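Visitor: Listed below are the residues making up each chain.
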Amino acid sequence: MSDTVENQGRRDFIVVATNTMLAVGAAAVAYPFINQMNPAADTLALSSIEVDVSGIEEGQAITVKWRGKPVFIRHRTAAEIELAGQVNLDDLRDPEGDMDRVEKPEYLVIQGICTHLGCVPLGQKIGEVKGDYNGWFCPCHGSHYDTSGRIRKGPAPTNLEVPPYAFLSDNVIKIG
Amino acid sequence: MSSPEFKNPVVKWIDHRLPVFSFMHHELHEYPTPRNLSYLWNLGSLAGLALVTMIVTGIILAMHYTPHVDHAFESVERIMRDVNHGWLIRYIHMNGASFFFIVVYIHIFRGLYYGSYKAPRELLWILGVLILLLMMATAFMGYVLPWGQMSFWGATVITNLFSAIPWVGDSIVVWLWGGFSVDNPTLSRFFALHYLMPFMIVGVVILHIIALHRFGSNNPLGIDVSGKQDTIPFHPYYTSKDLFGAMVFLTIFASAIFFYPNFLGHPDNYIPANPLQTPAHIVPEWYFLPFYAILRAIPDKLGGVLFMFGAIAVLFILPWLDRSPVRSGRFRPLFKLFFWVLLADCVLLGYLGGKPAEGIYVTLSRLATAYYFIHFLVILPLLSVVEKTRPLPQSISMPVTGAGMSAAPAAKRGKADV
Ligand code: HEM
Ligand code: FES
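Chains as they are written, first to last, in the working numbering: chain A, 1 to 176; chain B, 1 to 418.
Do not rely on the hints blindly, as some may be mistaken.
Residues from chain A that face chain B, not an exhaustive set, calculated with beta carbons under 7 Å [what the hints assert, rightly or not]: (1) V29; (2) A30; (3) M37; (4) C140.
The calculated DSSO-like cross-link candidates involving lysine-lysine, where the alpha carbons are at most 27 Å apart (straight line), are [claimed, not checked]: (5) A:K153 <-> B:K355; (6) A:K125 <-> A:K174; (7) A:K153 <-> A:K174; (8) A:K153 <-> A:K125; (9) B:K388 <-> B:K355; (10) A:K104 <-> A:K65; (11) A:K130 <-> B:K388; (12) B:K355 <-> A:K125; (13) A:K153 <-> A:K104.
Think of the hints as simulated: they come from the structure by calculation, not from any bench.
These figures come from a predicted structure and were not determined experimentally.
Positions of the beta carbon are idealized from the N, C-alpha and C atoms, including for glycine.
Starting from the given sequences, assemble the full structure and let the hints guide the process.
Guide: Written as structure tokens, this is what we have:
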């Protein structure tokens, strides 16, 4: 090999091209090894559940399990609905009207998972603390939710999520 | 490096071809060590002992444990009741994690006090912080395995920390879980990783020791070894001192295992995991409490997570925050004072991490968190400039301070080492 290299540009091109292909190859190999940790097909196969809500008395709530997580269904009282509707949206951390969060105002259907770090908030059972806004209270780090499940105080960034659901008849809802 | 003469012909034959015996002789026998090490220098070998204990008991537990949500809790109960001496092995492993952290935390504060993170030991220190991080990950995943209420909710809260990352956070959490909540895929991968990570720790420990043996141990005076008169051979002096320390450690460890095996644990973890019911008061294991207090002190999700990880991140850059040329706190009157305040602050954070996040506890957590960061980011850099250090002794073997000596020679030495 002579000391003076002709066509240095061509050699640089070969080096860059080789390294680029190496990187592409490494990424292609890494992808399946990383992606295997994502939910498997059977986990993904979206399950849905049907719930008859006629048994829930006004002012009471039930918890059902959907996709391994709790879903809260509360049959709200007129006072609770009114309270949720009165709130000035500008006061909310995650502004959302109460009517945008329900199909029928009497039935609030929300994911029972605190949007902070995933604990299940208290307030479902009679006698449990409901927090300063009479909805739910998360004991883990002190998040308070109102009667529409919206975050009002504490570290959680967003409102309790509304899962996809629809009323199949007057009394039966399908979640998922 | 003097080559030892081995008498045993087999040893001689092997050593000629594979010099492991020379290596051990050099690193564990003649290895020159400062003659003035205190008992605080025992904690390194104790950490090694704890690591080996965890690996041995862990592998035995794995022979009887079933990583499945339907069987994990029962398989641990079976270990406790039916497997021969299973209760003993599990209690050793369970308390061993706590004792490992006690040892490592003392080891770290020893380094903080005597400036062991300073040149030329920066990498040694950084490898140590890396070991701490790996230990935390390992202990966290191990605690999930018995699948009790605390296992489940601890895993839920900690994995949810990653959802604070903007944009990709939620996808990362689903990726960690392998599903839409902490569930069977999460448990099995945590088991696989809990098995793996201790061996990664062993790897980093080996690097840690290679880095240590490059310049040797720091010492309570924090000055460099200036010659043969300052050192003694590792064996038999420090081997016997380490052995004595190990016996004291094992006595305390055994007392905990036999008389108070659940003292450091949480009774809620003897209730099987229930995804629909969070325990009224969830707390992590004690060794995570200071970090947990920092997490909760910040009234913002992402901020809390950043500060929590930041608490460890400052340790990584510590060698460049404290620029004082004097290593040992003994010769730094102001630094010494702030060191004790920091220690008290960390203990306070640990206490607050175990209290509910309300009222006065929140206020105190915020103050203590602020102090923690101020100590590292403001006080230490400032002290390096304004503090008037006490005169350093001439050498380890002549600890009487020479007149007119100041920090200057140490500074020169520090530079020469880089
Ligand atoms: C750095 C070393 C290690 C640490 C800090 C550690 C920590 C822990 C902790 C805190 C637990 C929960 C104990 C409880 O509350 O029940 C645990 C459980 C467990 N660990 Fe480890 N561990 C280590 C090494 C290992 C190794 C090498 C294995 C080998 C596979 C292992 C296997 C297990 C098993 C099977 C369990 C579940 C049984 C039980 O909960 O008692 N561990 N570990
Ligand atoms: S998980 Fe609900 S407040 Fe933190």
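Visitor: Tell me, in ascending order, the numbers of any earlier hints that this structure violates.
Guide: 1, 2, 7, 9 and 11
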